[in-house]
Amino acid sequence: MALPLLLLLAGLASEPPLDPSVDRHEAVPAVHGGFAAPGAWLVLWHGEAWVCWDASTGDCWQRLELAGLVDLATLRAEFVDRSTLALTDRSDGSWQVVRPDPTPRIVRWSTTARHSPQVLGCGPSGVLPIARAGGPGLLACDAPAGDTQCVRPGRPLRLRPASPIRLRIGLELRALDDWRALAGLAAATGVQVLATIGVGLDAGWSQQRRERADLQAQARPSPRTLPAPRSRGPLIAGERQALHAVICGGAT
Amino acid sequence: MIAMLLLYLLAPPAPVPVPDPALLARALAELPNKPGIAEVQAAALRRATLSPRTAQRWLRRARAAAILPTVTGEYGLRTDQGWQLDQAAGDGDELSQDLGAGRAIQVRASWDLDRLIFNADELRAARAALDLSDVRERLLVRVTQLYFERQQLLLEIATLPARDGHEAIGRHMRLAEVEAVLVGLTGLALPRRPMTPNPDP
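Listed in order, the protein sequences are those of chains A and B. In terms of this note's numbering, the first sequence is numbered consecutively and its last residue is 267. In terms of this note's numbering, the second sequence is numbered consecutively and its last residue is 760.
Honestly, the hints are just simulated from the structure, not real lab data. Ideal Cβ positions, reconstructed from N, Cα and C, are used throughout, including at glycine. All clues stand as given, with none of them false.
Derived coverage of chain B by chain A (criterion: at least 3 residues anywhere in the stretch with Cβ under 8 Å from a Cβ of chain A; other residues may be distant): (1) 665–675; (2) 683–689; (3) 692–702; (4) 708–722.
Pairwise CB distance ranges, derived in the manner of DEER restraints: (5) B/A660 - A/Q231: 54 to 64 Å; (6) A/R247 - B/P591: 15 to 25 Å; (7) B/A597 - A/L186: 50 to 60 Å; (8) A/L186 - B/T608: 36 to 46 Å; (9) A/R247 - B/L627: 49 to 59 Å; (10) A/V166 - B/R616: 26 to 36 Å; (11) B/R620 - A/V208: 29 to 39 Å; (12) B/R733 - A/G62: 14 to 24 Å; (13) B/R622 - A/V208: 27 to 37 Å.
Generate the whole structure from the sequences, applying the supplied hints.
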């Protein structure tokens, strides 16, 4: 009877505390589900993307089969709702992952994925995705305080409005020199100048308009959570200030 | 025996060691301040060729490209040769030869005038610019965290005695790793000034 009790107490004593500073080094780049999917996370772990549709269900992680399809280095993601995830990368391709299928489906148009995976200090719901031995996990952490959040200023992106009209002019110069020997010698030489003009309508105009609007939306100011600092004690204020300057510009 | 073990296990955890304030102040003053965080960030951007001007240049070029025409040129050479044999009853055979040659030069220049108003390449350049901005931010966050982690490790090594040799080795290995990654990302040398005597065992 005494031995099991001892083992239980030893286990309790050796359990690591739920202190975010303990595992901060293990935080992984993540995208939170936001308003559309408050319990959802997408994380990058060991060169692969993992999704958790509902963090309240315990072991919720599912590996997405993106290999060869989506470039993880430039991945952007956005949860459309509690069971749909929109992905894009620099190839301008768009994919959707629909729960529970881990394979992305190519879509012509979807919600524009705007968020790049970032290492966060703590998620908005008080949990933080971290790396563990067998895959990603979630760690309880203090919900972000005011000084860990800031507003990233808009990025300068002046794009001209798309136009459906296509207009091409051209100038062509041809010099010909021809001769033929058949019952005598005949030769022909000459110079031609041609001017061309072409007018057309671009079928991709509406798509360009949407893309322009999406790019402008991405460049607008947006709320950001500062990444977890690596230092403690007397150095943490300086690090927070430096991270704030990187993410949101200026100083705290 | 069991009671003692229970007392040991249920005892409150040992308090976090607090460094001597004077030692901490001296260690803080002795932390290397060259290169500074701004220098480290600038070096990382330089090494990764992620200057903010790069993306702006892409956009400017996408717009300016419409001014220049698309020019194509062709040069053609033709030569042909034929023989014709006429045979008729009662007449001699007649063999005639036909020779021909020619050359043609074409130069064509065309301007897509609509691109002076809007060029679809601007969208690609803008998307690449936003991607570049994200990559730049990730790089800066990484070098900033590594820079302060190095400072933290140097401070801990100088002020907090390690609990055992394992922890002391771990600190020094992590410091070496952080410095190696920082050097790789920035190309900067990270000199260390001699600090207070190391209390690690």
